[in-house]
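Asks: For reference, the chains in residue letters:
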Amino acid sequence: MSARPLRVVGRPVPRVDALEKVTGRARYVTDLTMPGMVHAKVLRSPYAHARVTRVDVTRARALPGVVAALAGADVTWCDPYYGPAYRDRPVLALDVARYEGEPVAAVAAVDEATAEAALELIDVDYEPLTAVMTLEEALAPGAPLVHAGQPPAGHFADLSTLRPKPGTNVCHQFHFARGNTANALAGADVVVEDAYRFPPVQHVALEAHAVLAAWDESGALTLWASTQNPYSVRVELAKMFDVPLSRIRVVVPHLGGGFGSKTYAKLEPLAAILAHTAGRPVRLAASIPEAFQTVRRCASRVAVRVGFRRDGSLVAVECDASYDVGAYADIGPRVVQKGTYTATGPYRVPHVTLDSCAVYTNTTPGGAFRGFGVPQLAWALESLFDVAAARLDRDPVDLRRQNFLAHGEEFAPGDTPIDGKLEESLGRAAEAIGWTQARAADRGRGVAAMLKASVAPSVSEAIVRLHADGSVTVLASAVEMGQGTRTVLAQIAAEVLCVPLDHVTVVQPDTAVTPYDQTTSSSRSTAMTGRAVQAAAEDVREQLLAAAAQSLGLAVRELELADGAVVGPSRRLTYAETLALKFGMSGGELIGRGVIAPGRTAAPLGGSTPFWEMAVGAAEVTVDEETGAVRVERYVSVADVGRAINPLTLEGQDEGGVVQGLGHTLLEEMLYADGHLLNGTLLVYRVPRADDTPAELECRFVENADGSGPFGSKGAGEGSLIPVSPAVANAVTRLTGVRLRELPLTPERVWRALRSRSPQRPDSR
Amino acid sequence: MKIRLVVNGRPRELDVEAHSLLLDVLRDGLDLKGAKRSCDTQVCGACTVLVDGLAVSACTYLAVEADERAVLTVEGLADGESLHPLQRAFVEAGAVQCGFCTSGMLLTARAMLAENARPSRGEVLHYLRGSLCRCTGYRKIVDAVLAAAANGPAAGNGQ
Numbered sequence: 001m002s003a004r005p006l007r008v009v010g011r012p013v014p015r016v017d018a019l020e021k022v023t024g025r026a027r028y029v030t031d032l033t034m035p036g037m038v039h040a041k042v043l044r045s046p047y048a049h050a051r052v053t054r055v056d057v058t059r060a061r062a063l064p065g066v067v068a069a070l071a072g073a074d075v076t077w078c079d080p081y082y083g084p085a086y087r088d089r090p091v092l093a094l095d096v097a098r099y100e101g102e103p104v105a106a107v108a109a110v111d112e113a114t115a116e117a118a119l120e121l122i123d124v125d126y127e128p129l130t131a132v133m134t135l136e137e138a139l140a141p142g143a144p145l146v147h148a149g150q151p152p153a154g155h156f157a158d159l160s161t162l163r164p165k166p167g168t169n170v171c172h173q174f175h176f177a178r179g180n181t182a183n184a185l186a187g188a189d190v191v192v193e194d195a196y197r198f199p200p201v202q203h204v205a206l207e208a209h210a211v212l213a214a215w216d217e218s219g220a221l222t223l224w225a226s227t228q229n230p231y232s233v234r235v236e237l238a239k240m241f242d243v244p245l246s247r248i249r250v251v252v253p254h255l256g257g258g259f260g261s262k263t264y265a266k267l268e269p270l271a272a273i274l275a276h277t278a279g280r281p282v283r284l285a286a287s288i289p290e291a292f293q294t295v296r297r298c299a300s301r302v303a304v305r306v307g308f309r310r311d312g313s314l315v316a317v318e319c320d321a322s323y324d325v326g327a328y329a330d331i332g333p334r335v336v337q338k339g340t341y342t343a344t345g346p347y348r349v350p351h352v353t354l355d356s357c358a359v360y361t362n363t364t365p366g367g368a369f370r371g372f373g374v375p376q377l378a379w380a381l382e383s384l385f386d387v388a389a390a391r392l393d394r395d396p397v398d399l400r401r402q403n404f405l406a407h408g409e410e411f412a413p414g415d416t417p418i419d420g421k422l423e424e425s426l427g428r429a430a431e432a433i434g435w436t437q438a439r440a441a442d443r444g445r446g447v448a449a450m451l452k453a454s455v456a457p458s459v460s461e462a463i464v465r466l467h468a469d470g471s472v473t474v475l476a477s478a479v480e481m482g483q484g485t486r487t488v489l490a491q492i493a494a495e496v497l498c499v500p501l502d503h504v505t506v507v508q509p510d511t512a513v514t515p516y517d518q519t520t521s522s523s524r525s526t527a528m529t530g531r532a533v534q535a536a537a538e539d540v541r542e543q544l545l546a547a548a549a550q551s552l553g554l555a556v557r558e559l560e561l562a563d564g565a566v567v568g569p570s571r572r573l574t575y576a577e578t579l580a581l582k583f584g585m586s587g588g589e590l591i592g593r594g595v596i597a598p599g600r601t602a603a604p605l606g607g608s609t610p611f612w613e614m615a616v617g618a619a620e621v622t623v624d625e626e627t628g629a630v631r632v633e634r635y636v637s638v639a640d641v642g643r644a645i646n647p648l649t650l651e652g653q654d655e656g657g658v659v660q661g662l663g664h665t666l667l668e669e670m671l672y673a674d675g676h677l678l679n680g681t682l683l684v685y686r687v688p689r690a691d692d693t694p695a696e697l698e699c700r701f702v703e704n705a706d707g708s709g710p711f712g713s714k715g716a717g718e719g720s721l722i723p724v725s726p727a728v729a730n731a732v733t734r735l736t737g738v739r740l741r742e743l744p745l746t747p748e749r750v751w752r753a754l755r756s757r758s759p760q761r762p763d764s765r
Numbered sequence: 001m002k003i004r005l006v007v008n009g010r011p012r013e014l015d016v017e018a019h020s021l022l023l024d025v026l027r028d029g030l031d032l033k034g035a036k037r038s039c040d041t042q043v044c045g046a047c048t049v050l051v052d053g054l055a056v057s058a059c060t061y062l063a064v065e066a067d068e069r070a071v072l073t074v075e076g077l078a079d080g081e082s083l084h085p086l087q088r089a090f091v092e093a094g095a096v097q098c099g100f101c102t103s104g105m106l107l108t109a110r111a112m113l114a115e116n117a118r119p120s121r122g123e124v125l126h127y128l129r130g131s132l133c134r135c136t137g138y139r140k141i142v143d144a145v146l147a148a149a150a151n152g153p154a155a156g157n158g159q
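Keeping their order, the protein sequence lines are chains A and B. Take the first sequence: its position 220, counted from the start at 1, is 220 in our numbering, and no numbers get skipped. Take the second sequence: its position 136, counted from the start at 1, is 136 in our numbering, and no numbers get skipped.
Worth flagging that the hints you see were computed from the coordinates, not collected in a lab. All values reported here derive from a predicted model rather than from experimental measurement. No incorrect hints appear here.
Here's a subset of chain A near chain B, in silico, CB distances under 7 Å, partners left out:
(1) Ala18
(2) Val22
(3) Asp31
(4) Leu206
(5) Leu648
(6) Glu655
(7) Gly656
(8) Val658
(9) Leu682
(10) Leu683
(11) Ala690
(12) Asp691
(13) Thr693
Distance windows between CB atoms, simulated:
(14) A:Glu577 with B:Asn151: 40 to 48 Å
(15) A:Ser756 with B:Gly29: 52 to 60 Å
(16) B:Asn151 with A:Leu19: 14 to 22 Å
(17) B:Asp52 with A:Thr681: 25 to 33 Å
Where a beta carbon is used, it is the ideal one built from N, C-alpha and C, also for glycine.
All chains should be built: construct the whole structure from the sequences, respecting the hints.
Replies: Have a look at this one:
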């Protein structure tokens, strides 16, 4: 089997959903309607922190066309709290509003205009409280508390030991250490240290969060939701409503982008509660400004000390990171510990002390965003790597290469050994950017590397059905949000079962139909869901071979699959013929099942990562000395993916990751002043446009088939984004001599740095 | 008030409010869901449709302004089952990811190619400034537009 050349896997086939998308037929949540459906609108707090002393929805409820109007106090028939780490978030504010934009009341009405009008009729009295808007304010002694304390949710095995610091705004602390860092730093020949800041940024999925919720006559709930993890939404709602999991059905149509913003319950609880009250299906569709009030990336301050020996070997890393998780923890505590766990990057470091904390502030909740805590740390470590290279008078590429963990080397006791060859990625990136070649006087080059763990332990299950005509249905719950997972899963099933790709249908996630999958995030779908589909398809293959063997009177070992048929030494049966013979009629089907559940291990976070995501970025930049504007002229990303199941969709993923990374590197930052978000609309929040992209952008892959995923693949999709900021900043430094420690690298920041530059030569080579 | 317009080649007579937006009339009134609502502020381009061949943001374009005009949405781009050259190029180049920007991108590109059948890469980048994509990094979209243009003058045509 393994010797057979691959037919579909590894080919750049067009996406299986491309046709419905270019013709406008693809359906997203807001394209769906139901008989009797009404529209919801949300009244949000205008204050970052306020006591809510009165919410009166009486006048709104009386408006003709309004079918439901709710304040927090009206939600008495279920548990109003939710959240994947802490159940700290009420569906509608209860007594206190903790950030500007927090839902305070909600209405459902026959049309959107009536719902909007009803919001105007809701009377709310607020008593403003002192808000903590930044990490510094929230961590100051005696700072006002965002929360008095909330019970953990217990969603995740690796959060079974949430460690809040009582009486402060710290909702989780993480500590990881080995060796003796203090001694090692004291004895190091060169120690570099600094603090780096990463801004709050928003995902800006073009489709904002949307839900259509309907309770049926039997009291069961169905939601069509723009979610990356229907099963997490289901468990959250089952807890709130105290109903069995089987009574809640979450269906996921096409998603208009996710990037982490649609992980875990967001608007689904409110939509379900409104639909319950209204007794009618309710659509709740956020606007883009409301998405800015729903979730964002965790801003951070990361202080790192790195010690090297004279010979360039890394001896110690000490890291102290604070992440701003906003007003509600969402998945912030996991972002913090997963990110911090790999703060040492892809390097061999004998002495390590890593501390981090998740800090509540009165801002939009911080949660998952492509990279999951790692971009913030890589920004610091990879910048310092270049600072160290200059101090050691070493080439930054060589210094990294010297310290990379080798294939098969241990990252941490009990965790998966390193499964890639980053030196290969670095070599290819350096070559492609022309690292050793002379550069134009006005151009600077920089590199950066990254390593990221995927979520562990995690579970993926899949069902594959072979129908009477030889066509195949894949039931899996990986969400298609643009990354191409439906195409990849179809390719895997088509490969194992030797059928054309267009004979395979991948069903959209539906918790009543498609089996459990933990989450579509963490770059895990190809490796984990893909393995489940592969196992399920192999199960079908074994059944198919057994059935054909029986019909032909041959041994299974004499048979193989080829082109939709079971082929023996002298006879050949199509799948349709095989099934007809087995069932004695043209009906019946074979059903295969795949379960990938590696379980808990002795690894530091409780599970061993299914793969390491590793990538290198190389940038070539120009800087306008007059304006401070940085332009990335060329960018090369090389990711170690094991095997590209679909090079076309993978390239698209990584190109998109680079450009999204350029967003927070050069343009994007949610700006707050006086307790208000200043730029929560696309008019003023600038994401990269077509003409902001590098003139040359190349995404390449290292493929050694050394991953745990199907056909040697690994996860991908986050790796290309993570090195962007440090690679660009390192290039700016090598060109101009200025080192910036705060993102984004706006013209103003760069200009100021250039102006205050001491008259020394740039550390360029 | 009553308006008469041609949508994807088909004459329509519609009763709309003075403040009705073209996007709502298309999506809710005519069940043409291909144009997407996103930024509501004429920034992102997800709602782009063509009115008399010119790209407009349907989210901020009054339906009454389309009176006596021809509107083309993504649903009208293909000729029956035969895809428009731009649609084919988008499929083949991998220019589609989540798909939410795709209809706006296609129609913007269609308007550009009608004006300029053989644009340079820089001209395509400039023309697409008003169409945001958060998935692709734009490269494959630009490649697709250039490939469609290279395939001949049909790319700027359509109804």
